[in-house]
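There are 2 protein chains.
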Amino acid sequence: MALPIITIGRSFGSGGRLIGKKVATLLNIPLYDRELIALTAERSGFHETVVEQMQQDRPASLLYTLTHTSIEVPLQDKVFFAQTKVIKELAAQGPCVIVGRCADSILEQDHHTLEVFIHAPLEMRAERAEKVYHLEAKNFKDLVKKKDKARKAYYDYFTHRTWGKADHYDLCINSAIGINLAADIIARAARAMAEK
Amino acid sequence: MALPIITIGRSFGSGGRLIGKKVATLLNIPLYDRELIALTAERSGFHETVVEQMQQDRPASLLYTLTHTSIEVPLQDKVFFAQTKVIKELAAQGPCVIVGRCADSILEQDHHTLEVFIHAPLEMRAERAEKVYHLEAKNFKDLVKKKDKARKAYYDYFTHRTWGKADHYDLCINSAIGINLAADIIARAARAMAEK
Numbered sequence: 026m027a028l029p030i031i032t033i034g035r036s037f038g039s040g041g042r043l044i045g046k047k048v049a050t051l052l053n054i055p056l057y058d059r060e061l062i063a064l065t066a067e068r069s070g071f072h073e074t075v076v077e078q079m080q081q082d083r084p085a086s087l088l089y090t091l092t093h094t095s096i097e098v099p100l101q102d103k104v105f106f107a108q109t110k111v112i113k114e115l116a117a118q119g120p121c122v123i124v125g126r127c128a129d130s131i132l133e134q135d136h137h138t139l140e141v142f143i144h145a146p147l148e149m150r151a152e153r154a155e156k157v158y159h160l161e162a163k164n165f166k167d168l169v170k171k172k173d174k175a176r177k178a179y180y181d182y183f184t185h186r187t188w189g190k191a192d193h194y195d196l197c198i199n200s201a202i203g204i205n206l207a208a209d210i211i212a213r214a215a216r217a218m219a220e221k
Numbered sequence: 026m027a028l029p030i031i032t033i034g035r036s037f038g039s040g041g042r043l044i045g046k047k048v049a050t051l052l053n054i055p056l057y058d059r060e061l062i063a064l065t066a067e068r069s070g071f072h073e074t075v076v077e078q079m080q081q082d083r084p085a086s087l088l089y090t091l092t093h094t095s096i097e098v099p100l101q102d103k104v105f106f107a108q109t110k111v112i113k114e115l116a117a118q119g120p121c122v123i124v125g126r127c128a129d130s131i132l133e134q135d136h137h138t139l140e141v142f143i144h145a146p147l148e149m150r151a152e153r154a155e156k157v158y159h160l161e162a163k164n165f166k167d168l169v170k171k172k173d174k175a176r177k178a179y180y181d182y183f184t185h186r187t188w189g190k191a192d193h194y195d196l197c198i199n200s201a202i203g204i205n206l207a208a209d210i211i212a213r214a215a216r217a218m219a220e221k
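Chains as they are written, first to last, in the working numbering: chain A, 26 to 221; chain W, 26 to 221.
Heads up, a few of these hints could be off.
Said to hold, decoys possible - Label pairs and their computed distance ranges (CB to CB):
| hint | chain 1 | residue 1 | chain 2 | residue 2 | range |
| --- | --- | --- | --- | --- | --- |
| 1 | W | K103 | A | Y158 | 48 to 54 Å |
| 2 | A | E220 | W | A117 | 37 to 43 Å |
| 3 | W | H159 | A | K174 | 41 to 47 Å |
| 4 | W | Q134 | A | K163 | 27 to 33 Å |
Said to hold, decoys possible - With a straight-line Cα cutoff of 20 Å, these simulated SDA-like cross-link-like pairs (lysine to any residue) come out:
| hint | chain 1 | residue 1 | chain 2 | residue 2 |
| --- | --- | --- | --- | --- |
| 5 | W | K103 | W | E77 |
| 6 | A | K174 | W | K190 |
| 7 | A | K177 | W | L206 |
| 8 | A | K174 | A | D102 |
Derived by calculation from the structure, the hints in this document are not laboratory data. Using N, Cα and C, we set each Cβ at its ideal position, and we do this for glycine too.
Isolated chain A, as found in the complex (with noise of 0.2 Å):
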């Protein structure tokens, strides 16, 4: 069998997309992390400031539906069906790594996949979100947590599915057993499903 497309979910903060940029480079594959951005851009009409906002937005809350309801369909929905068809295309295209946008969900019903989800402990993340991403905050656990919720409420709102629930995802790793370590078990990982 070919090797599995690699979903990869993560916490804020935790080293996701490095951990998958490194995956991508032990397998000899494609990575898409950012670059689906500028591709849902194009296929939707969409500024890519705007297709980068939508992702990072908690979805209206139900009370909000409920009083602004209108024909139109949600523009954060809007974004999320386009960028759905591009990851559907770059599946079809062979085996690859995905970062984040809820592509474990969107391709577990038809591809054959191993999905992932990177955590880390809450200081590691601060000290990340500072020192790696250089970020501005002042105070940098409340930034990683104010993320977190966004990311799951974005993921439990278009997944209908748990952010960060371990029966969900075939392998999750804390990352601070190591970078290297963590991209090293999903190749493993990876090639031996491929050998199944």
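We have chain A already, so just place chain W on it with the hints.
Frame of chain A, contents of chain W only:
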């Protein structure tokens, strides 16, 4: 650094015990699973049957506790405390694999640990309960769900963590990727931790 103590939590029927056994063989370290029942019985003075039953029962509800107040510590708590002592003594002797028994939470503060959670799809676990464990049930899926519910209640009660939530563990593995592969991944991570 030495090999870590490997704790393996697992959903019912996921093959966590078998994976633990394979990891212990790969690393040539002791495995403690059902042995803990005998050791706890010995230390606490309770019969093995009582110890085993206490670990399978859901802890008493708050309502029950409030309406049955007594100065006596509940039997389940007594057994848990005795087992906690046994686990700490074993951990002090050196690297080992401990299956279940909230060992992850018991040892997290004082020991060099690799905390693992094993799960698998419901269908696979129901089949395992029937064909590998040779249990009897009208509906094996219901049996597995009921066992999980009791494990979760027991774990959440005694640890104040949430059973099966990815970020409590270093590695969560869906055993559907392969029992041997899962054992290999855990052993590899343990060896990498020892080399740090």
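Each hint, compared with the structure:
{"no.": "1", "hint": "K103(W) <-> Y158(A): 48 to 54 Å", "verdict": "holds, 49 Å"}
{"no.": "2", "hint": "E220(A) <-> A117(W): 37 to 43 Å", "verdict": "holds, 41 Å"}
{"no.": "3", "hint": "H159(W) <-> K174(A): 41 to 47 Å", "verdict": "holds, 45 Å"}
{"no.": "4", "hint": "Q134(W) <-> K163(A): 27 to 33 Å", "verdict": "holds, 30 Å"}
{"no.": "5", "hint": "K103(W) <-> E77(W)", "verdict": "holds, 13 Å"}
{"no.": "6", "hint": "K174(A) <-> K190(W)", "verdict": "holds, 15 Å"}
{"no.": "7", "hint": "K177(A) <-> L206(W)", "verdict": "violated, 30 Å"}
{"no.": "8", "hint": "K174(A) <-> D102(A)", "verdict": "holds, 19 Å"}
The structure does not agree with numbered hint 7 stated previously, though it agrees with all others.
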